[in-house]
Amino acid sequence: DIQMTQSPASLSASLEEIVTITCKASQGIDDYLSWYQQKPGKSPQLLIYDATSLADGVPSRFSGSRSGTQYSLKISRPQVDDSGIYYCLQSYSTPYTFGAGTKLELK
Amino acid sequence: EVKLVESGGGLVQPGRSLKLSCAASGFSFNDYWMGWVRQAPGKGLEWIGEINQDSSTINYTPSLKDKFTISRDNAQNTLYLQMSKLGSEDTAIYYCARAQAVYFDYWGQGVMVTVSS
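Here the protein sequences line up with chains C and F, keeping their order. With the first letter of the first sequence counted as 1, position 15 gets the number 15 in the working numbering; the numbers rise by one all the way through. With the first letter of the second sequence counted as 1, position 73 gets the number 73 in the working numbering; the numbers rise by one all the way through.
For the record, the hints were derived by calculation from the structure and aren't laboratory data. Just so you know, nobody snuck in bad clues.
According to the in silico footprint, chain F covers these stretches of chain C (three or more CB under 8 angstroms from chain F):
hint	region
1	43-55
2	91-104
Cross-link-like lysine to aspartate or glutamate pairs, in silico, EDC-like; alpha carbons within 16 angstroms at most:
hint	chain 1	residue 1	chain 2	residue 2
3	F	Lys-65	C	Asp-1
4	C	Lys-42	F	Asp-105
5	C	Lys-107	C	Glu-17
None of these values were measured; they are calculated from a predicted model. Using N, Cα and C, we set each Cβ at its ideal position, and we do this for glycine too.
Isolated chain F (complex conformation) (with noise of 0.2 angstroms):
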């Protein structure tokens, strides 16, 4: 069965960083490309990026590029979403997601994450 489990989120203040973390399990992790997307209280859904196989190319959307970086560790089987400069435009639920060539197919329950002071 796959799963993916987000974990890392919290309360944070602003200005401050945060690193959250998807375990991978149920498939072959390094055979996937996985994805970020967020979802801010009561709205939609936002793409944050994506990484591939062995971390050579990864994809972000323009507005948080100098924000977030995104990394995996095959070895772990785990993905993770670093986020520097917290603003509370940043507040929402994270998740992971595992691409099966160009769609997610897989989504992780999600980690809520708060800027706030």
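Just chain C, with the same shape it has in the complex (with noise of 0.2 angstroms):
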């Protein structure tokens, strides 16, 4: 199975400052990576998709990108509903995995 290493687990940001949540893959994945956002007691909803396509009606300040086999989901001066936790997700082959999501405050 593909592991994915999601980090940091948790961390607090203001909003003048850029957020970056990284996730790295045990082999390459081609970039078959999709980010989502989970809020409290809601489902996930996609934010990025292969890696670093923007999905429909997601605000532009989401972006993501690669290098080498880590992938970067990156908040431009978040807002504070921005607030969650965020999941990668690999399905360059199955089981497809999800990284353990890393939870964001905005302070």
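Using the hints, put the two standalone chains together into the complex.
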């Protein structure tokens, strides 16, 4: 199985910062990587697919990138509404695997 | 509007079976792969498996392959998850999701399954 090592597990950021969350794949996944946001009591919502493509309706302050087998989600000048838990998902090969999640708190 | 509505959850005794349903609307159900994802209380997301449009390909996470069965009825626009030999480790919220290529673009609201005596 492909392992997705996500970091950090949690972070607290101000509204002026750039937030970066990373997922490192245990092997190459050919950009079959998506990012999801989950708010308390809600189902996950797609943010980024194919590593860098923004999902419909997602604000442009969210972006995705890759360096080697490490994938990053960046939130530029986050809003309070961006608080939640973020997950990456590799869908290069089954079983698809999620990262462990990053809990983001905005202060 | 795309809608996915799960049902069939609840309290079930260990060792018993349960079948979840996911009613889809607002899109051409038989054009899409569909999947199931679960989330244990306070934990992360776990991919259960997926099924293609005509049910000819079904993939599972290996640890659940012998316990869970994914199926679909395209005439009824419904996805199913048959769960057997349930244990406390299966207590979770179960989500169905539409697969757009290899990512999930729409998710249901989830249904809670509690395995307890």
